[in-house]
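Participant: Spelled out from the first residue to the last, the chains are:
Protein chains: 2
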Amino acid sequence: MNNFVFYSPTCFVFGKDTESSAGAYVKKFGGTKVLIHYGGGSVVRSGLLDRVKASLDSEGISYIELGGAKPNPRSGLVYEGIDLCRKEGVDFVLAVGGGSTIDSAKAIAAGTVYDGDFWDFYQGKRIEKALSIGTVLTIAAAGSEGSPDSVITKEEGMFKRGASGDAIRPKFSILNPALTQTLPPYQTAAGITDIMAHLYERYLTNTEEVEVTDRLIEALLLTMVHEGPRVIEDPNNYDARANIMWAGSMAHNNMCGVGRSQDWNSHTIEHELSALYDCAHGAGLAVTMPAVFTYSMSHNVMRFAQVAVRVWGCQMDYAHPEVTAKAGIEAFRNFLISIGMPKNFEELGAKEEDIPKLVEVLCRGDGRDGSISGFVTLNEDDCTKIYKMMV
Amino acid sequence: MNNFVFYSPTCFVFGKDTESSAGAYVKKFGGTKVLIHYGGGSVVRSGLLDRVKASLDSEGISYIELGGAKPNPRSGLVYEGIDLCRKEGVDFVLAVGGGSTIDSAKAIAAGTVYDGDFWDFYQGKRIEKALSIGTVLTIAAAGSEGSPDSVITKEEGMFKRGASGDAIRPKFSILNPALTQTLPPYQTAAGITDIMAHLYERYLTNTEEVEVTDRLIEALLLTMVHEGPRVIEDPNNYDARANIMWAGSMAHNNMCGVGRSQDWNSHTIEHELSALYDCAHGAGLAVTMPAVFTYSMSHNVMRFAQVAVRVWGCQMDYAHPEVTAKAGIEAFRNFLISIGMPKNFEELGAKEEDIPKLVEVLCRGDGRDGSISGFVTLNEDDCTKIYKMMV
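Protein sequences, first through last, are from chains U and D. Numbering follows our numbering, with no gaps: position 38 of the first sequence is 38. Numbering follows our numbering, with no gaps: position 25 of the second sequence is 25.
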């Protein structure tokens with residue numbers, strides 16, 4: 001196991017009706033002038049935005065609003081948010097929505113107190129300072145509610161890139177599983193896929209002797225295997241929603257990823273898909289992961305065999321571990337299809353003829369040197385083959 | 001799942017040589033005048049205390065010292081520490097040692113800024129304010145390095161009681177697994193037992209639909225089952241030590257205990273043993289848990305069957321789940337014996353003739369009404385039977 005620092009100071013407020021405490025938590029964490037950042041329709045229509053505002057009102061906390069955050073959030077709205085925060089003297093950004101809204105809020109919070117272009121952070125500069133952030137989560141998926149990460153798409157060039165820093169970890173996150181009950185099944189399934197991807201990206205490691213984090217990751221994967229189909233079958237199953245939601249936060253606050261190298265090749269490869277086609281990130285991952293895993297399997301067959309046995313209930317083939325490893329990947333692929341995720345480019349809305357362009361941006365865009373690296377290093381030829389496996 | 005708030009802001013600094021950063025972390029969290037609190041010989045002899053002092057010196061942070069913290073820490077030293085902190089204007093308490101030293105440091109930190117008798121907190125008053133606390137951990141066991149809890153024994157009456165409050169969560173905890181390599185095997189095994197107890201106390205719940213926390217608890221138990229024997233066989237196995245140490249912190253920061261009722265009957269019953277006989281807490285738990293579990297099994301046979309199958313690898317007897325449930329308890333008992341833990345009163349140094357006295361203090365001491373309650377409620381008759389099962 002490698003040395004590490006684990007610091008997850010986010011206060012998670014979990015359960016029914018917890019959004020009514022938003023104002024109290026903003027106050028507790030020192031906010032006096034709030035930007036409420038949200039996406040669009042559903043937050044307004046469901047009355048959630050009004051409930052959050054009422055909660056701020058009841059604590060005497062003033063606020064302004066910025067809606068319009070989109071899936072795969074864009075840089076344009078971030079610049080707008082930064083201007084607004086500076087002009088209005090905002091000291092707290094409250095995101096009401098899913099991972100995209102939260103990531104957008106994080107970019108605004110970091111950019112407001114930074115003299116340069118906020119995009120610097122998405123080109124590798126560590127975020128050291130930001131306005132305080134809180135969240136009211138409406139979908140179990142991205143884990144952004146408890147992470148130090150943010151992903152934004154730059155409109156010029158459609159580069160989708162990530163930034164990081166403890167300063168953008170939310171001070172608090174309000175998680176009411178009931179808020180996720182109105183999500184369309186496809187969004188729910190995409191969220192489940194994203195959570196499982198966060199787990200697999202940590203599972204695929206080149207660090208040895210990591211039993212404790214292996215076991216924690218497997219625990220959360222097993223939870224998704226159990227609860228995923230239940231929530232797809234009955235969207236109003238509060239308990240299944242609750243188990244998925246807590247798994248989603250624990251999957252990405254890095255409690256189970258510390259002390260080990262991580263992969264993230266699937267995320268990197270998928271980001272080009274959702275940037276170009278604006279598909280749901282989880283749906284893109286559902287198509288990407290089985291291909292990446294199959295392509296990478298020979299790098300460490302026993303690791304894939306382990307997850308196959310421990311999570312997918314495959315029988316270990318001691319004479320041919322690769323049979324077990326492959327069976328685990330197939331079981332995962334079939335699980336994703338069973339909850340309604342796409343299985344190939346066509347179902348995702350991606351096009352085979354775009355592959356050269358996807359590989360170019362993936363491996364050469366934004367300063368990259370012709371390859372990406374995680375569990376294995378993948379060059380342009382590898383990435384081309386992987387995209388072709390998805391067709 | 002129940003509503004909950006999870007707030008674990010402790011910064012965990014994990015790995016080899018990390019104690020050299022103690023001074024930097026005290027500074028980061030605002031300490032300017034430190035009380036270094038420790039136990040005795042080994043921290044001094046090993047040179048650890050000197051390394052910690054050197055680290056504070058290099059940051060220009062002044063400090064005073066208070067040694068003498070004992071296993072099952074006593075109220076007398078806490079009063080002494082409180083006086084010392086007030087007299088010297090201490091603003092940060094740095095515990096260097098195991099759970100007992102940390103618990104003692106927490107009591108001192110809370111008592112210093114409290115006008116009344118610190119024992120009030122151990123009689124049910126919530127701790128709202130305390131000096132900042134940091135730890136350099138020397139044994140994987142108590143989980144106090146990441147918990148809001150402290151247990152102290154009051155010398156008049158030998159009452160062993162707990163207090164709690166987010167204010168006594170350590171700001172940072174330094175976890176170097178190598179520091180635990182010099183522990184005697186018995187202490188290592190007692191630590192392993194304590195960690196597993198923290199997991200079982202959370203596992204035994206009356207809350208339904210808690211798959212995610214069940215799975216997380218099982219993951220940490222599985223880690224102990226795998227790594228425990230390895231570290232007993234080779235005390236210098238750094239990686240096994242590291243996996244156990246991280247499991248110990250995650251077992252007790254409540255990440256896997258949220259949203260569910262918990263048990264704690266085994267701890268409550270054991271506390272009277274370590275208070276009276278001054279045995280290692282973990283050793284007392286090794287004798288206590290199998291008896292408590294066997295006595296409580298009929299309350300929820302399927303819960304015990306689940307852990308038997310998922311953690312202990314027992315075959316499910318679908319026609320007779322109680323057979324599986326019992327096999328899981330036996331497997332746990334045998335595991336504890338295999339790592340060198342006592343199996344009965346005699347090996348623990350406890351005496352059958354003391355049982356009436358133990359039950360009296362347990363069920364009537366310090367304001368209790370004749371019973372204790374957790375997973376099941378146990379009256380004096382129940383507790384007498386349980387202690388007799390341990391003989």
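One or more of the hints may lead you astray.
Just so you know, same-sequence chains aren't split out, so a pair can sit in one copy or run between any two.
Unchecked claim - Keeping only pairs whose Cα atoms sit at most 20 Å apart, straight-line, the calculated SDA-like set for lysine to any residue is:
1. K87 to K357
2. K27 to Y7
3. K28 to R126
4. K385 to F335
5. K28 to L358
6. K28 to Y79
7. K351 to E208
8. K33 to K87
9. K53 to W119
10. K16 to G259
11. K351 to H299
12. K87 to K125
13. K125 to D166
14. K129 to G30
15. K27 to V5
16. K16 to F4
17. K28 to F4
18. K171 to V5
19. K16 to T207
Source of the hints: derived by calculation from the structure; they are not laboratory data. The model shown is predicted, which means the values in this text are computed figures rather than measured ones.
Participant: Quick one: which hint numbers does this structure break? Sort them smallest to largest.
Facilitator: 1, 4, 5, 6, 7, 9, 11 and 12
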